[in-house]
Amino acid sequence: MHIPDGILPAQVCVAGYAVTGLATWYSLGQINRRPDPSADIPKASLLTAAFFVASSIYIPLPPASVHLTLNGLLGVVLGYFAFPAIVIGLFFQALALGHGGLTSLGVNAAMMGLPALLAYHLFQARNSLGRPLREPARTGLFAFLGGALGVGLAVLIFLSLIILNIPAEVEAKAERAALLALSLSHLPLIGVEGLFTALLVLFLRRVKPELLEG
Amino acid sequence: MRRILSLLAAIAATLITPRPGWSHGVQLEYQLVNQVQIQARYDSGTPMAQAQVLVYAPGAASSPWSRGTTDAQGRFSFSPDANQPGYWQVMVRQAGHGQSVTVPVGKVTAAPGAKPPTAGLGQRWLPIAAVIWGFVGTALFFSRRSQPRHADSRGPDSRGKP
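Protein chains in written order, with the numbering used here: chain A, 1 to 214; chain B, 215 to 376.
Please keep in mind that the hints were generated in silico from the structure rather than gathered at the bench.
By construction, the Cβ of each residue, glycine as well, lies at the ideal position given by its N, Cα and C atoms.
One or more hints might be untrue.
[As the list claims (entries may be wrong)] To spell it out: a stretch of chain B is covered by chain A in this simulated footprint if at least three of its residues, at any positions, have a beta carbon under 8 angstroms from a beta carbon of chain A; those stretches are:
| no. | stretch |
| --- | --- |
| 1 | 249 to 260 |
| 2 | 311 to 319 |
[As the list claims (entries may be wrong)] One side only, chain A facing chain B, incomplete, derived with CB under 10 angstroms:
| no. | residue |
| --- | --- |
| 3 | Ala49 |
| 4 | Ser56 |
| 5 | Leu161 |
Next comes chain A alone, as it looks inside the complex (with noise of 0.2 angstroms):
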């Protein structure tokens, strides 16, 4: 689910840039107010080898094969050092595997961090939103939400920049069809990234839960 080059228009491009950066910045920034920015560099650079490994690993869910996102669980775990990863993730990616591309760079960031900064603002309110709930349930749930939401919102922002722009010369009507196509493939990715999402925070709250206090 990455965006390649030459699909979109240039103006697209630019614009994803610019929201990439934006984002990036406003990620620094917050990370910059912790007492100690750099605590969390290992862990981040383990979820950033792990996004960039999971577009390679491919689930077979009938009726197509579908590939891992991770960026809900990044935005879960990692909370503002999900966006940098994800930025330094696809870049590898499009470099080393062709995954995406140069130009859809800043496009694709911002569609799988920007998802993944509101899963990390979900899983926090947690302990508001879920008080009704005990644990480990409380924190299960809103892992699995978190997760869930990351690639949902991911799939819907990559189907609505695609259908917005159709070119001209290309047929839409079975273009759009293909998308409703890729876009049910990843109904059941949504549920498998929610429930991974989930497993692994209800494993580090188990064993280290001072890494999920983000």
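Since the structure of chain A is already known, use the hints to place chain B on it.
Structure of chain B alone, referenced to chain A:
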């Protein structure tokens, strides 16, 4: 009897003689053409079936010279106009995924887009640089001051300060 024999002979002759209107023969003709075949797959190996294909002639990037769709195996063939030598651009697209390839037709030496954009520098040196940076970054991280930044700037007992 002779009449019957001559009638049978006439019927046999009629059946044996090839008649174009009655027979179910097949005529085959061939023509040597300069054809380009495209094979489109996702990087997972799955063929891009029923993907849209746009073919652009050299120097005419605004409107496609031809268009079509790939078959179930992700294949598409076209015969470029030999009177338009140069770099032909073929774009395959489906559901926001796609790639374009440059095909040299006629008297051209090398295609500028013949190599995939990810080959070469990125795939060869990037993993090496990433591994080296991993070691350097890990060393830098563990050699940093262990105290929080604010405590470092004020505290007399922070490392590296008298």
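TODO: Taking the numbered hints from earlier one at a time, note which ones the structure violates and give those numbers from smallest to largest.
DONE: none
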